[in-house]
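Spelled out, the chains give:
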Amino acid sequence: MGGVMEDFFRQLAEDAPRWNFIWMYDERQQGKILSGIWMTIKLAVACVALSVVIGIVGAWLQGARAAPVRLLVAGYIQFFRNTPPFVQLLFFYFALGQFTPTYSPDGWLQQPIISNVGWAIISLSFFAGAFNVEIFRAGIEAVPQSTQEASESLGFSRLQSYRYVVLPLAFRVCLPALNNNLVNLVKTTTQAFAIAVPELLYQSVSIWNDYPSAQNPTMVLLFVVYILLVAVLVFGMHRWERAMRIPGYGT
Amino acid sequence: AECTNDTWKKVMERGKIVVGVKADYKPWGFRNDSGELVGMEIDMARDVADTMGVELELVPVQSSNRMQFLEQGKIDLMIATMSDRNDRREIVGIVGPNYYTSGTNVMAPKALALKEWEDLRGKPVCGKQGAFYNKIVEERYGAEIVAFTGNAEAKQALRDKKCIAWVYDDSSIMSDLSSGQYEEFEMPLASEDDNPWGLAVPKAEEQCVFGQFMSGMQYNWHRDGTLIELEKKWGIQPTAYLEKQAERFKDWLAE
Amino acid sequence: MLVVRWVAGIPPWVPVMLFVAALAWPAIAAAQVRYSYGDATEALWRWIPFLVTSGFFFNVLISVLSMAIGTVLGAALGLAQISLYRPVRQAAWFITQLFRNSPWLVLLFIVLLAFPFEVTLFGTVIPIPDWTKAVFGLSLPVMANISEIVRGAVQSVPTAQWEASESLAFSRRQTLWQIILPQCYKRMIPPWMNWYAILTMATPLCSLLGVEELITLTRQAMESENNHPELLVPFYTFALLLFFAYCYPIARLTIALERRFAVKL
Amino acid sequence: MISLKDVHKSFGDLEVLKGITFDVMKGEVICIIGPSGSGKSTLIRCINALNDIQRGSITVEGQEVHDPNLDKLELRKKVGMVFQQYNLFPHKTALENVMMAPLLVLKQAKADVEQRARRLMKKVRLEGKENFYPGELSGGQQQRVAIARSLAMNPDVMLFDEVTAALDPETVKEVLVTIKELAAEGMTCILVTHEMGFAREVADHIYFTDRGVIVEHGPPATFFTEASDPRTQEFLSQIL
Amino acid sequence: MISLKDVHKSFGDLEVLKGITFDVMKGEVICIIGPSGSGKSTLIRCINALNDIQRGSITVEGQEVHDPNLDKLELRKKVGMVFQQYNLFPHKTALENVMMAPLLVLKQAKADVEQRARRLMKKVRLEGKENFYPGELSGGQQQRVAIARSLAMNPDVMLFDEVTAALDPETVKEVLVTIKELAAEGMTCILVTHEMGFAREVADHIYFTDRGVIVEHGPPATFFTEASDPRTQEFLSQIL
Ligand SMILES: Nc1ncnc2c1ncn2[C@@H]1O[C@H](COP(=O)(O)OP(=O)(O)OP(=O)(O)O)[C@@H](O)[C@H]1O
Ligand SMILES: Nc1ncnc2c1ncn2[C@@H]1O[C@H](COP(=O)(O)OP(=O)(O)OP(=O)(O)O)[C@@H](O)[C@H]1O
Ligand SMILES: [Mg+2]
Ligand SMILES: [Mg+2]
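Chains as they are written, first to last, in the numbering used here: chain A, 4 to 254; chain B, 3 to 257; chain C, 71 to 335; chain D, -9 to 230; chain E, -9 to 230.
Worth flagging that the hints you see were computed from the coordinates, not collected in a lab. Source: prediction; values computed, not measured. The reader is advised that the hints may include incorrect statements.
The calculated lysine to aspartate or glutamate pairs, modelled on EDC-like cross-linking and capped at a C-alpha distance of 16 Å, are [said to hold, decoys possible]:
no.: 1; chain 1: D; residue 1: Lys163; chain 2: E; residue 2: Glu224
no.: 2; chain 1: D; residue 1: Lys97; chain 2: D; residue 2: Glu86
no.: 3; chain 1: B; residue 1: Lys76; chain 2: C; residue 2: Glu233
no.: 4; chain 1: E; residue 1: Lys82; chain 2: E; residue 2: Glu126
no.: 5; chain 1: E; residue 1: Lys62; chain 2: A; residue 2: Glu155
no.: 6; chain 1: E; residue 1: Lys62; chain 2: A; residue 2: Glu244
no.: 7; chain 1: E; residue 1: Lys62; chain 2: E; residue 2: Asp146
no.: 8; chain 1: D; residue 1: Lys8; chain 2: D; residue 2: Asp(-4)
no.: 9; chain 1: D; residue 1: Lys67; chain 2: C; residue 2: Glu233
Full structure from sequences and hints, please.
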């Protein structure tokens, strides 16, 4: 079965020199593609999780009483919102990367505490996190003052009213925006390419550098895989949104 | 096919030759801090223009687009650190004696005392995206290539000890080592894949006036020691190849 | 857009201070290597005029052109998305989703590598330089997002407005152009500007494909300065600063406009 | 002039109108009252062809409204409608709101239209507010602009759907005065209202709808005092 | 039991309350009426310490409300408040809405609270709706849940701020019936309302406010017929 497929694509590569689906019959290239996809998924999952955490913590810090803390969060958001994520990646990895401690399992080769994958996760998470902070804050603001007043006039403490009333509502309000930002984040993981993180784009480019004839099929594959990944995320988030829906609330 | 000499005529008519050169390959082609393109290959291009008695326009090219530019007529001549390989000869007109050769080698820390290519097996090795020898090093010696988009990044990664070696052209590595900035590093291996470098004219001109002319230019450069001089001027390690060629072509005209 | 609103709350000196700190920091952090950070910073100063005039200028040019093309195409696509004619609507929706959900970098790679270097139109050969392809590649996702903005803005106008015009005997075309769209422009401007900032920040991606812009030239500059690792911090910091200096005012203007329009509507 | 015969209308499975029949003569003012969700708005929107119907017929001046070949534009020139939420065009001034339809739809000359629009603004007691944007007017004022906007098309019939429900008690009065004047001038009016006092004062005939049917009707003199249907009695008893 | 003395309250430069003085006895029901913006809501919110005051004093059972050392919790256990917009917690069911405060604030045992909450739901005639979310209830039902929610804290006083203004005429009745029952049971109530008929029926005393002062007051029997102040007369005349 597998053999038949392989032969078919091998033949196709000969008949149509621009359509060499090399990863359909060459094990080494296939391995590259699969490991690339796997890396992309790991990258996406890690970044999504970390950026949400950053968003929540940031939104909480923004409500802090201490002005310096608020300014710090403000600066963080401005920096990451108004500079290209691509340059952020380069900056994080090469500029800051010089100053991170390393450990050395063998004589010379020192493993940095934070690998390029690690830096990609950090950099991209901080990038998306800056947006998440804003999203969560907006969600909290969207909860009507009157709802808080109602809980206050029932004798709730500030914390109780936050914990039981404001946050559950705020979270539902920001899900769509969060959803959008996370989709964006998954798309942005391709930029880790710049610091040689072996994700799907990196592997694809290296394949078509080595085998120019495989360029077209590999591009098609790239396109399809990313659309699928995004689709899975969107689908999952929609399911979650639906599960979180309150009967009769909202539309 | 018959020679139409289109490119030659075009250049002469408008009094300007457009040459594709590298902008990110010191010291062959790079920018000085006012943004002008300079380097050994640029000097060669200028000599060509002067000899033809036309003005010179330089266009920076990438490894990935240099051949298409020539095919397309966007540039008339390409001198852009291109390895002379058979598959490339089918697309563009690579003429005359090669003006340089380089091999592939690695820059590695002295501390590791690498001896042979096999020592790279299973280890991370930094490289530059798009280099044709990445695949060779990877498949022949089992190194794990970590390819960056630029040399600055690759070298930085090596210094940050994120890989055990940086694989690149031996001539480039030599000039880095001789700069005194890389004292803990060496180029320990025997160069692989001796690569002649070729300049190229459009395929149609290969056997015609322009091709002949460029071929002649190169013979002359070899014969009168221009290349060796330029090599010195740009701080490139003297190569045996150029000396041999100079010797060989000394009496070319006499022949 | 909630995102943007908040930005206005920050006094402008905050980010400026942060940047000053960021710039000063490497100098502090650096132990003296043979090639010092001082040398690197000095090298940066020499390169700045070139980087700005030949590099960043192209980022701006590419972003402006992509935005112009993306806006025109996106507006048409957005209107197609609310067409009464179902196949048109579905096709427009599909195109929008396709380009909205694929990574910019992938689109750029595809456009730059898979598209020809020249096209032959009516016998004349028109060369397509790299940067125009980049413009095209970047205008695709912009188009898709503008399309969504247009659709969203039109749909955010209460249906009551449609009904009111309907009951005054307006035709669909009249309703759309005279009643609905005029109410949309204002609410489309802030997200539109937001996308312009996002687009500008995507232009460095072109450097991966060799298009000459700030990051490409930054690399070339570092090459010319012998690729000293010490160059990385000052040069990339400078690039970040430059983008920030360009995008931050846009963000502030966006909010300012958003506020102004919010009052009126 | 308007005639409904056995009108049925469903939204999906929900039958909202279950056979409504009545006639309105030229110059007559009728009020439709009834509990929330009883289909009053739906009924009035059907007359204007904003909703289609499943069964029965609605004719305006002898013309079938739900004839698929009908030129809806012609119908809407004859029938004006005022909504509960005013639905003014927020990007146009009050005067422009009034002028737009005659200019764009009837393609009348600008000078004429403007003159007429100013007259209408006066009629709804809004002189001086011509260049205000809807957002700058109070609810009652907006509602009167909406009435003027409908009148600008010179309709034969005006439909009012709970035009005062969104207003506070004091401004309700302003709007009702305007409608009363219109009625007095002989405009054919169909009103949906919760203001019983107003209905009593202005209507020639009152219809009470519940769950999609007309339960009771009659002239105001007898309607409020002699209602026979228990549902109507209950409804009226709730009015404080 | 509640006593206001010369209460002044400003928002920035705008003085909203300009010296309000009145007393409410235990078990008394008073209604506050007046035009929009006259400060009725502000007044009632001050009693609940949702707004602070600039001058004067408000005491509830002898305790000064605006004493900075006051335990607001204690106050709010005594004073329940129902808002115009209900302000139910949309992510909790009706029953959970009622149970939340006793559980979280008073830390009472869950079983007790649930039992009491069910009783209260019955009292406001909402048996069977316990597990509905607010969004699934009609306005009148939501408002009654809001009343039950306040009652769950066993307050001594209930404040109602235009609790029927957002409701349609028929559902107004349901809510008013509930309030009437409360009043009949001897709960001290302060109501802000536009429903004159209701005020007349239920109030022991009516206060008319305008521009931050009490212009007129009296028992309903005389208030509606013998108003002496011209502003009051004008306001009352507008009621159809
Ligand atoms: N577009 C629609 N789709 C589905 N159901 C609808 C739609 N419009 C109205 N309905 C339903 O039709 C019924 C009648 O609605 P309608 O608005 O005509 O009532 P109404 O008498 O005007 O009530 P109100 O006094 O509250 O305005 C309601 O049950 C409503 O839920
Ligand atoms: N938080 C606030 N900040 C500034 N001004 C306010 C605030 N709350 C109320 N006001 C002003 O105080 C005045 C009185 O408001 P209040 O809500 O008490 O009036 P009201 O009598 O309840 O009116 P309505 O019948 O419309 O509810 C109004 O002019 C209002 O604009
Ligand atoms: Mg209705
Ligand atoms: Mg109020």
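We went through each hint and held it up to the structure:
In summary, the hint linking Lys163/D to Glu224/E is supported, as the alpha carbons are separated by about 13 Å, within the 16 Å threshold. Note on Lys97/D and Glu86/D: the hinted pairing holds, with a Cα-Cα distance of about 14 Å set against a maximum of 16 Å. Simply put, Lys76/B and Glu233/C have alpha-carbon atoms about 58 Å apart, too far for the 16 Å limit, and the pair is violated. Taken as a hint, the Lys82/E and Glu126/E pair is honoured in the structure, with Cα atoms around 11 Å apart against an allowance of 16 Å.
This hinted pair checks out: Lys62/E and Glu155/A have alpha carbons roughly 9 Å apart, not beyond 16 Å. Proposed proximity of Lys62/E and Glu244/A is contradicted: the alpha carbons are some 37 Å apart, above 16 Å. Under the criterion of a C-alpha separation no larger than 16 Å, the hint pairing Lys62/E with Asp146/E is consistent with the structure, at around 15 Å. For the given pair, Lys8/D sits about 8 Å from Asp(-4)/D by alpha-carbon distance, which is consistent with the 16 Å threshold.
Annotation: proposed proximity of Lys67/D to Glu233/C holds, straight-line Cα distance about 14 Å (limit 16 Å).
Hints 3 and 6 from the list above are not met by this structure, while the remaining hints are.
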